[in-house]
Amino acid sequence: MQIKNILVAGEYKELFQNQLLTEDSQNFRFIPVDEITIEDLTWACAYVGFKPCPDFNLTNLKWVHSFNAGVNNYLELEGWEENDVLLTRTICSFGERISEYCLSYILKDLQFHTYFEAKQKEKKWAQKTPKMVKDQTFVIFGTGEIGQAVAKTFNQFGATVYGVSQSGKQKSYFKSVVKTDVANSLVECADWVISTLPLTTETEQLFNHELFSHFNGAAFINVGRGATVDETALIEGLNSGKIRYAVLDVLSTEPLAETSSLWRRNDLVITPHISAVTDLNEAISCFHDTLRKIETNEPLLNKVTIHKGY
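Just so you know, the UniProt record's numbering puts 267 at position 267 of the sequence shown, and the rest follows in order with no gaps.
Calculated directly from the structure, the hints in this document are not laboratory data. Treat each hint with caution, since some may be false.
Unchecked claim - Here are the simulated distance ranges between beta carbons:
no.: 1; residue 1: Asn216; residue 2: Pro130; range: 52 to 62 angstroms
no.: 2; residue 1: Ile270; residue 2: Gln205; range: 10 to 20 angstroms
no.: 3; residue 1: Pro54; residue 2: Ser185; range: 25 to 35 angstroms
no.: 4; residue 1: Asp40; residue 2: Phe112; range: 12 to 22 angstroms
Stated by the list, open to error - Keeping only pairs whose Cα atoms sit at most 25 angstroms apart, straight-line, the calculated BS3-like set for lysine-lysine is:
no.: 5; residue 1: Lys293; residue 2: Lys303
no.: 6; residue 1: Lys123; residue 2: Lys134
no.: 7; residue 1: Lys131; residue 2: Lys121
no.: 8; residue 1: Lys179; residue 2: Lys4
no.: 9; residue 1: Lys131; residue 2: Lys175
no.: 10; residue 1: Lys4; residue 2: Lys51
no.: 11; residue 1: Lys179; residue 2: Lys242
no.: 12; residue 1: Lys134; residue 2: Lys108
no.: 13; residue 1: Lys303; residue 2: Lys4
no.: 14; residue 1: Lys13; residue 2: Lys242
no.: 15; residue 1: Lys51; residue 2: Lys13
no.: 16; residue 1: Lys124; residue 2: Lys108
no.: 17; residue 1: Lys134; residue 2: Lys121
no.: 18; residue 1: Lys51; residue 2: Lys242
no.: 19; residue 1: Lys62; residue 2: Lys242
no.: 20; residue 1: Lys169; residue 2: Lys303
no.: 21; residue 1: Lys131; residue 2: Lys293
C-beta atoms are modelled at their ideal positions from N, C-alpha and C, and glycine is treated no differently.
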């Protein structure tokens, strides 16, 4: 595939130029996403950015590259297969970042940080034996690049790590991987359930009343997409004790409204979608690597399968 004119949604010219090893044969336009015109889209055969611009269309494009790991904001648009447009996503340190995010909250819980902080304020010497990661059972929904990175982290501690995916295909770092429709028996024995799932038609509100009813006091962490969780069902699961504790980095509506009851819960931690913030230098490096592979017809590990949504 020959890529000539590349439209970048953002004023990132200096960052792009800093990474050039040789003179590019492509023409670039760097334009803020809200200032992109129909003429710009008509000119471009490739579009690069965090999100589609207003009046975005695929008619003249050959390739779209997302600076995000997730691409649901692009897949909401129609015409991918009809126009035969290549969609790629950013692969960088997302897996490591999300693994460290999850590990931080898990260690805080297992080491009883909140308990000891309270006792310090009370000036009480009250011993309590911390738990160990190796004794925990993890069930990770989503066994792609990010899910495998999370599994690797806890596998290295000696924990028991299971995976859940649509295919049930076995992957490294998991004791075993099962299909989504038979995941109930796994979550029943889990200490921690972690979702790294993308948002697709199959995963939307996958974490619902039925699935949460099989939790047996597990803690739940969502670092995938907010709309994969029925938040009403989550609240009921917390209220009933089925879910012991939850950490949500993503929510169905972001930012979360000030009126939401989720803010006030003591058994729930909310963070503002920061578990895997895109490092622009890494994202641009991924773009350059993808462009090179497109030009030389090399396999693309970050190519999105449109009908799957990832």
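We went through each hint and held it up to the structure:
1. Between Asn216 and Pro130 the CB atoms are about 22 angstroms apart, so this pair departs from the stated range of 52 to 62 angstroms.
2. The beta-carbon spacing between Ile270 and Gln205, approximately 19 angstroms, falls within the hinted interval of 10 to 20 angstroms.
3. Between Pro54 and Ser185 the C-beta distance comes to about 47 angstroms, which lies outside the given range of 25 to 35 angstroms.
4. For the hinted restraint 12 to 22 angstroms between Asp40 and Phe112, the CB-CB distance of approximately 55 angstroms leaves it violated.
5. About 11 angstroms separates the Cα atoms of Lys293 and Lys303, which keeps this hinted pair within 25 angstroms; it holds.
6. Distance hint between Lys123 and Lys134 is unfulfilled; the C-alpha atoms sit about 31 angstroms from each other, more than 25 angstroms.
7. For the proposed pair Lys131 and Lys121, the alpha carbon gap of about 23 angstroms is at most 25 angstroms, so the pair holds.
8. Between the alpha carbons of Lys179 and Lys4 the distance comes to roughly 42 angstroms, so the proposed pair goes past 25 angstroms and is violated.
9. Using a Cα cut-off of 25 angstroms, the hinted pair Lys131 and Lys175 holds, with the two alpha carbons roughly 21 angstroms apart.
10. As the CA atoms of Lys4 and Lys51 are separated by approximately 21 angstroms, the hinted pair is consistent with the 25 angstroms bound.
11. A hinted pair counts as satisfied when its Cα atoms are at most 25 angstroms apart, and Lys179 with Lys242 qualifies at roughly 22 angstroms.
12. With a C-alpha separation of about 15 angstroms, the suggested pair Lys134 and Lys108 falls inside the 25 angstroms cut-off, and the hint holds.
13. Distance restraint check for Lys303 and Lys4: the Cα-Cα separation of roughly 20 angstroms lies within the 25 angstroms cut-off, and the hinted pair is therefore satisfied.
14. With a C-alpha separation of about 50 angstroms, the suggested pairing of Lys13 with Lys242 is violated against the 25 angstroms cut-off.
15. In summary, the hint linking Lys51 to Lys13 is supported, as the alpha carbons are separated by about 17 angstroms, within the 25 angstroms threshold.
16. In summary, the hint linking Lys124 to Lys108 is supported, as the alpha carbons are separated by about 20 angstroms, within the 25 angstroms threshold.
17. Distance check on the hinted pair: Lys134 and Lys121 sit about 30 angstroms apart at the alpha-carbon level, beyond 25 angstroms; violated.
18. Our distance criterion of 25 angstroms between C-alpha atoms is broken by Lys51 and Lys242, whose separation comes to about 37 angstroms.
19. Between the alpha carbons of Lys62 and Lys242 the distance comes to roughly 48 angstroms, so the proposed pair goes past 25 angstroms and is violated.
20. The hinted pair formed by Lys169 and Lys303 meets the criterion: a straight-line CA distance of about 19 angstroms does not exceed 25 angstroms.
21. Between the alpha carbons of Lys131 and Lys293 the distance comes to roughly 46 angstroms, so the proposed pair goes past 25 angstroms and is violated.
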